Amino acid sequence: MFRNFARVTRTTRPISLTARSSLLGPTRTIVSYTSRTAVRAKYFQKCRSTLLTRYSSTASGDNPASESSSEAPEAPQDVPWLELLESAAKAPWLTSIPPDHQDRLKRSYSLLFYVILYLGRPLSKDPTQAEEATQQFLLVNSEVGRARYAIGLLTKTITKDITSIPDTSPLRTQHAQIFALTDALLPLCEVHLDGVAQGTPPTSGEIVDEGKWQEFWSKAQPVVLALGEELDKEGYGISEELVKEAQAEQERKEREAATAGGDN
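Numbering (this note's numbering), first residue to last: 1 to 264.
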């Protein structure tokens, strides 16, 4: 998961600038439903930049931006944004709920991070590509349709994981806002995402049940962003220790690969 994060450039623009109409429709904006939008956009950009700066410095010492580093972030146009999002949504373990309650909150943040990365991707300025996206807007296999399906799966999983924590758990008292936000997502998932499941391809680009995607996402998106912010604030984000563990694991694998290559 963290190697995927390392492929995302630190120069991606804030969500408020890039998460525009592609998931809602050709003429609607996504990020316009709350006065805290600009604050959240800066917050998520800061979190992403911090994480990627730390991780991309693995092979380049004190210069995380070193072009010679094998871990240097790619250019925005080279990052497979949709594939990263789909890799999380297609994970075989997604249907299994972690037994530990705190692990459910940690996993929820990790899954939300993929959604945030996709929403914050740089949009193409190519008018031809923009026109093609508009023409293919409702096709299941278009980028829009695939992204909606992945985001629907992840949103449903996150909601299921958090709401499965028992009412008697002290976490519900300690993190009341997390559960309040998840409770706001629950009826939206029940109405619009009931038929959204792994291995069950949607029949149209609208993806959702009972209406159109924009009827779901215009209400769910601000809650999703707020939930990610709250989870991170309460300590369930990607910690420095976890990033260091990922770095150490990656270095170990590279050393083993180099040793194996030298023996051949």
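Hint data in this document are derived by calculation from the structure and do not stem from the laboratory. Remember, it's a predicted structure, so these values are computed and weren't measured experimentally. For each residue, glycine too, the CB sits at the ideal point set by N, CA and C. Errors might be hidden in some of the hints.
Unchecked claim - In the DSS-like style, the derived pairs of lysine-lysine whose C-alpha atoms are separated by at most 30 Å in a straight line are: (1) Lys106 / Lys233; (2) Lys160 / Lys253; (3) Lys233 / Lys219; (4) Lys212 / Lys160; (5) Lys90 / Lys253; (6) Lys219 / Lys160; (7) Lys233 / Lys160; (8) Lys106 / Lys219.
Claimed, not checked - Here are the simulated distance ranges between beta carbons: (9) Gly195 / Glu83: 20 to 30 Å; (10) Asp167 / Ala257: 42 to 52 Å; (11) Lys253 / Lys90: 43 to 53 Å.
Consistency of the hints with the structure:
1. Lys106 / Lys233: Distance of about 12 Å is within 30 Å: holds.
2. Lys160 / Lys253: violated (34 Å)
3. Lys233 / Lys219: Holds - the C-alpha atoms of Lys219 and Lys233 are around 22 Å apart, at most 30 Å.
4. Lys212 / Lys160: Satisfied, since the Cα-Cα distance of roughly 22 Å is no more than 30 Å.
5. Lys90 / Lys253: holds (24 Å)
6. Lys219 / Lys160: holds (18 Å)
7. Lys233 / Lys160: holds (21 Å)
8. Lys106 / Lys219: Status holds; Cα separation ~24 Å.
9. Gly195 / Glu83: 20 to 30 Å: holds (24 Å)
10. Asp167 / Ala257: 42 to 52 Å: holds (48 Å)
11. Lys253 / Lys90: 43 to 53 Å: violated (23 Å)
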